[in-house]
Structures are given as C-alpha cells and as structure tokens.
Amino acid sequence: MTEFGATPSQTVGPFLSIGLVWADGAQVAAADTMGGIEIAGQVFDGAGEVVPDALIEIWQADPDGRFPHPDDPRGAVTYPGFRSFGRCATDATGHFSFHTLKPGRVDDEQAPHVDVTVLARGLLKHLVTRLYFPDETAANVADPVLATLAEDERARLVAVDIDGTLHFDIHLQGERETPFFTV
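For the sequence shown, counting from 1, position 12 maps to 392 in the numbering used here; every step adds exactly one.
The set of hints was computed from the structure by calculation and includes no laboratory data.
For clarity, every value in this text was computed on a predicted model and none was experimentally measured.
No residue lacks a Cβ here, since even glycine has one placed at the ideal position from N, Cα and C.
Please note that a few of the clues may not be correct.
No farther apart than 20 Å at their CA atoms in a straight line, the calculated lysine to aspartate or glutamate pairs in the EDC-like style are these [what the hints assert, rightly or not]: (1) K505 <-> D515; (2) K482 <-> D543; (3) K505 <-> D541; (4) K482 <-> D549; (5) K505 <-> D412; (6) K482 <-> D433; (7) K482 <-> D471; (8) K482 <-> E516; (9) K482 <-> D444; (10) K505 <-> D444; (11) K505 <-> E557; (12) K482 <-> E557; (13) K482 <-> E418; (14) K482 <-> D452; (15) K505 <-> E418.
Across the chosen pairs, the derived CB separations fall in these ranges [what the hints assert, rightly or not]: (16) D549 <-> A518: 33 to 41 Å; (17) D515 <-> P448: 37 to 45 Å; (18) G415 <-> G554: 20 to 28 Å; (19) E531 <-> H449: 32 to 40 Å; (20) T458 <-> E531: 34 to 42 Å; (21) E418 <-> T517: 18 to 26 Å; (22) D451 <-> D532: 15 to 23 Å; (23) H506 <-> H449: 31 to 39 Å; (24) T545 <-> G484: 18 to 26 Å; (25) R501 <-> G461: 14 to 22 Å; (26) D452 <-> A427: 36 to 44 Å.
Input sequences plus hints: build the corresponding full structure.
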C-alpha cells in the first residue's frame, strides 16, 4: 500500500468570478421596483490594490424583514421582483454594485443590514461581513452583532451615502480591514 501525502490546499478563486456569475445576479430587486437603492463599492487587498476578480454575494430580508423561505415564521416575501440574494463579480477596477431594496429589521434586536460574502483569489475560505445603513443610527447602536466590535470596526460596517448610492468598500487585510465574522 502506498502512503500518500496531504493534498495541496487551494484558494476559492479566481475562477469563481467566471463560473458563478449570471446576467441578472446584481439585480436583487427589479429595476422598476419602487424604493430601489444602489449599493456599490470596491474590494481591496492587504496592499491597498484593487481585486479585479472577486465575487461578492449579498443576502437580505425584504423591507418588512421577511425572507423568501418557507421556514420564515413571518410569512412570505411580499415584494414582487425581489429575490433577497444577489451576486456580482468585481470589474477591472475592483468595483461591484447591486440594485436592491433596503431591508427591514429581521427581529426587534437586529438593525437593518445586508449579509455580504466575499470570494476571491488567495482566500482559503469565503469571508462574511455585514453592511449597515447610515440612516439607522439608533438601531445600529442597539444591534447585538455591532455591539461585539470596537467602535472603529463598527464604523467600517456602515455604508456611506454618496449622491444617493450607498458606498461600501471591502478591505481584505491591513489597517482598514473590514471586520469579518465566523459563521
């Protein structure tokens, strides 16, 4: 019997940005849905260089805090054209963008937020973080997930409104590293 060594580890990218993208992936809500918002940002590596081949996924509740899942005790999502999930590859300048609806509170404790997953070259596992909304100051202060972070880390999870677009940059490492969560 031959003894085999360990299989070399592999990263989760870069091929995922080619194989997992679909045409309407960044359209979480139909373009003509009333109340639609834009979320955009860039992905940066530890040296501050853009990551042109990352894949960003978002998952969120609808404006009433409901998910399109039969186990959601509040009932079905009531927004036609809203999918609750989106996927967008970064472009050559590291940019991504989504068209969606602002989520409601999932329960009485959690502030409105969007769950964000990052897949990119050099990562052995996907990374998970959250995007919070700048107009939800009181809810953000009371959010139990944000409460686990230092003040400067909490600030990095709140999007910035720039001319009506919510801007949320993701830094994979370094001084401005985005806080990531173990799930």
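Against the structure, the hints:
no. : hint                      : verdict
1   : K505 <-> D515             : violated, 32 Å
2   : K482 <-> D543             : holds, 16 Å
3   : K505 <-> D541             : violated, 30 Å
4   : K482 <-> D549             : holds, 18 Å
5   : K505 <-> D412             : violated, 35 Å
6   : K482 <-> D433             : violated, 27 Å
7   : K482 <-> D471             : violated, 24 Å
8   : K482 <-> E516             : holds, 11 Å
9   : K482 <-> D444             : holds, 9 Å
10  : K505 <-> D444             : violated, 32 Å
11  : K505 <-> E557             : holds, 16 Å
12  : K482 <-> E557             : violated, 25 Å
13  : K482 <-> E418             : holds, 9 Å
14  : K482 <-> D452             : holds, 18 Å
15  : K505 <-> E418             : violated, 27 Å
16  : D549 <-> A518: 33 to 41 Å : violated, 25 Å
17  : D515 <-> P448: 37 to 45 Å : violated, 25 Å
18  : G415 <-> G554: 20 to 28 Å : violated, 35 Å
19  : E531 <-> H449: 32 to 40 Å : holds, 34 Å
20  : T458 <-> E531: 34 to 42 Å : holds, 36 Å
21  : E418 <-> T517: 18 to 26 Å : holds, 21 Å
22  : D451 <-> D532: 15 to 23 Å : violated, 36 Å
23  : H506 <-> H449: 31 to 39 Å : violated, 20 Å
24  : T545 <-> G484: 18 to 26 Å : holds, 20 Å
25  : R501 <-> G461: 14 to 22 Å : violated, 33 Å
26  : D452 <-> A427: 36 to 44 Å : holds, 42 Å
Hint check: violations occur at hints 1, 3, 5, 6, 7, 10, 12, 15, 16, 17, 18, 22, 23, 25; the rest are consistent with the structure.
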